[in-house]
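Residue numbers (the working numbering), protein chains in the order written: chain E, 21 to 384; chain F, 21 to 384.
Wrong hints could be hidden among the right ones.
Identical chains blur together in the list; that is why a pair holds if it fits in one copy or across any two.
[Unchecked claim] Below, in silico cross-link-like pairs of lysine-lysine (PhoX-like), each with a Cα-Cα straight-line distance of 25 angstroms or less: (1) Lys314 - Lys301; (2) Lys48 - Lys208; (3) Lys350 - Lys84; (4) Lys266 - Lys330; (5) Lys301 - Lys330; (6) Lys84 - Lys384; (7) Lys384 - Lys370; (8) Lys84 - Lys370; (9) Lys84 - Lys301.
These aren't lab readings, by the way, just hints derived from the structure by calculation.
Protein chains: 2
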Amino acid sequence: MQHISAPILLLNPAICKANIQRMAARVKLWKGDFRPHFKTHQSAEVSEWLREAGVERITVSSLKMAEYFAQHGWSDITVALSVTKLQAQVIDQLASNINLNIVVEDMESIHALEGCLNNPVGVFIKADTGYHRTGVDADDLVLMKKLLTPLQEAKKLIFMGFLTHAGNTYYARNQQQLDDIVKPALEKTLALKTFLKDHFPLMQLSWGDTPSCSMYNDFYGLDEYRPGNFVFYDYTQTQIGSCTLKDVAVCMAAPVIATHPERNEIVLHAGAVHLSKDNIKLSDGTISFGKVVKLSGLTWNIEEEIGEIKSLSQEHGIVSVNNNILQHIKPGDVVGIIPVHSCLTANLMKQFLSTDGNLIEMMK
Amino acid sequence: MQHISAPILLLNPAICKANIQRMAARVKLWKGDFRPHFKTHQSAEVSEWLREAGVERITVSSLKMAEYFAQHGWSDITVALSVTKLQAQVIDQLASNINLNIVVEDMESIHALEGCLNNPVGVFIKADTGYHRTGVDADDLVLMKKLLTPLQEAKKLIFMGFLTHAGNTYYARNQQQLDDIVKPALEKTLALKTFLKDHFPLMQLSWGDTPSCSMYNDFYGLDEYRPGNFVFYDYTQTQIGSCTLKDVAVCMAAPVIATHPERNEIVLHAGAVHLSKDNIKLSDGTISFGKVVKLSGLTWNIEEEIGEIKSLSQEHGIVSVNNNILQHIKPGDVVGIIPVHSCLTANLMKQFLSTDGNLIEMMK
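Work out the full structure, taking the sequences as your base and the hints as a guide.
In structure tokens, the structure reads:
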């Protein structure tokens with residue numbers, strides 16, 4: 021039996037593998053390629069579970085992450101973060117070893133990269149279909165055509181198609197709201213192919229985000245899907261409706277430091293350096309930094325709710341505890357926390373403890 | 021010249037050393053010991069700058085951090101996080117090598133630790149003087165005396181005194197508000213000595229937090245001071261009034277990924293995995309995840325403001341850019357970000373690049 025004396029992130033492989041199987045089956049229905057995003061787990065060991073489910077091509081969020089997974093046997097990688105000339109050297113090095121796709125969204129970067137790369141690289145243009153974070157407005161066909169002109173002549177930059185991330189699906193809180201965000205974004209994406217396919221008949225449309233891939237049921241015409249968070253899911257995804265609490269594959273084991281019955285609070289050794297400061301507004305209007313549940317050994321029980329983390333400092337989490345439970349909790353106990361945002365939590369913890377007792381390493 | 025192709029946290033040693041000198045001089049005025057908190061820098065190399073300023077005793081926020089600094093020549097360490105029996109083995113191991121102080125706040129943990137430790141350990145009782153996070157209510161002398169009873173007989177747990185952290189000073193936004201928080205907390209702390217010194221004439225009072233140690237001018241009667249953030253300061257501390265922008269010793273160098281003149285925004289490669297999701301409300305009511313300034317080489321210029329980060333996702337930061345500046349910024353530029361919370365930012369980045377071009381390692 022593992023002795024827990026400090027926060028550690030538990031990972032249930034059975035739940036994780038079921039999430040992978042379910043998503044792989046959904047993508048197959050839509051006749052697209054499954055190119056999952058690996059930024060959530062950042063782990064060579066977890067990546068093998070995706071390989072077992074038939075995954076051959078992957079997405080990452082940084083060139084450093086591409087280098088890590090290239091070293092672990094992945095040879096077809098899309099870096100879904102827009103690049104500029106600053107990254108030319110790293111891109112060229114990676115492209116000498118693997119099939120690398122990058123994302124660009126401005127003319128100067130296209131010219132600069134074409135001018136200095138030695139190895140061919142696949143290029144997606146980032147299309148903004150409503151999230152308004154990065155990307156060229158998908159409706160701006162004039163600008164799109166302008167960016168495509170140098171790509172028609174390019175020797176090192178091989179135009180692959182358009183990549184979009186409808187990150188505004190994270191604002192949805194039910195199926196209807198999600199559908200209302202996805203439908204117009206999907207139409208904008210498909211229109212790019214309709215209008216531009218004459219010049220680029222092989223162009224691909226690449227689509228991302230876990231909420232839409234988990235909940236939307238009418239995808240068609242897209243070439244690949246890049247969800248990432250679904251491998252673990254998290255408390256936020258349960259609020260959107262992408263999953264239920266039983267689908268969340270990770271849980272922070274956290275020691276109880278103090279109990280304060282006079283204010284219905286317990287204090288955990290689990291702070292911003294473990295969970296991240298990401299938080300969600302619950303349906304009752306309160307803010308939560310994580311749902312606290314009972315833990316027995318390395319197994320958490322979502323049916324036995326203890327409370328919600330109402331504030332976080334660097335190493336501490338303060339939990340508003342449900343009535344009548346506080347008398348059963350004492351300093352030195354260990355509880356579980358369903359994280360608000362599993363990507364950021366995993367990124368902070370840098371390793372997992374599987375529920376069968378094995379340490380699973382991540383990219384350092 | 022260092023080529024920056026991904027976010028990296030710059031550290032200006034001259035500013036950092038000046039912050040250390042200034043704080044050491046303040047603590048000397050109050051005739052207390054200076055036991056700075058090392059959770060902000062988490063770096064053996066930066067710790068040497070504190071040693072050069074005469075520091076011999078330190079504070080850390082976890083037992084893991086205590087192990088790291090013990091390995092780097094620090095032999096008197098207080099772990100300012102309440103512990104329970106769960107940590108007994110790690111505590112005992114550390115206490116066999118260094119002078120270790122721990123913090124406790126409940127009877128069961130006192131009995132359990134006394135029962136199983138082989139090596140003597142200094143013990144502070146955590147006193148809550150108004151922050152209401154952890155600690156025994158400093159006004160509750162009945163409970164304090166109850167906790168002290170077993171410590172009078174204890175052989176392994178050596179009672180050192182009371183430790184308090186007036187973390188509510190972070191709510192202050194000017195000198196008056198800070199004084200109004202510190203005065204009653206200081207009085208409560210001093211009262212503990214007044215009422216209990218007959219039984220424990222050697223008891224010490226240990227005081228923490230950067231805002232009060234930077235701004236309060238009338239400390240007396242305390243035995244030691246444990247500020248930590250002051251080595252770097254950050255954007256939050258400038259809002260409280262602990263420092264000015266020119267005192268902030270760290271700045272994130274971040275590539276510009278995209279520019280969006282139509283909505284006065286630029287997008288940076290600098291997200292929650294680099295900066296943390298901590299944010300502050302500025303005086304105009306808007307939220308900022310970091311102040312963006314011009315960067316020339318490795319030198320940032322606080323006089324040349326570019327804008328404020330208005331939202332963060334995992335790898336991206338979106339900046340609201342001041343008028344007329346956007347035309348001078350293009351993808352592939354590198355800008356600087358004064359972080360909202362330098363402790364969390366450093367914890368994520370795991371290393372610094374000094375402004376004279378050297379990599380400075382941190383605890384991994």
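The hints, checked one at a time:
no., hint, in the structure
1, Lys314 - Lys301, "within (22 angstroms within a copy, 35 angstroms between copies)"
2, Lys48 - Lys208, "within (22 angstroms within a copy, 66 angstroms between copies)"
3, Lys350 - Lys84, "between (43 angstroms within a copy, 23 angstroms between copies)"
4, Lys266 - Lys330, "within (22 angstroms within a copy, 34 angstroms between copies)"
5, Lys301 - Lys330, "both (11 angstroms within a copy, 19 angstroms between copies)"
6, Lys84 - Lys384, "both (10 angstroms within a copy, 17 angstroms between copies)"
7, Lys384 - Lys370, "both (6 angstroms within a copy, 10 angstroms between copies)"
8, Lys84 - Lys370, "both (15 angstroms within a copy, 15 angstroms between copies)"
9, Lys84 - Lys301, "neither (33 angstroms within a copy, 33 angstroms between copies)"
Hint 9 from the earlier list is the only one contradicted by this structure; the remaining hints agree with it.
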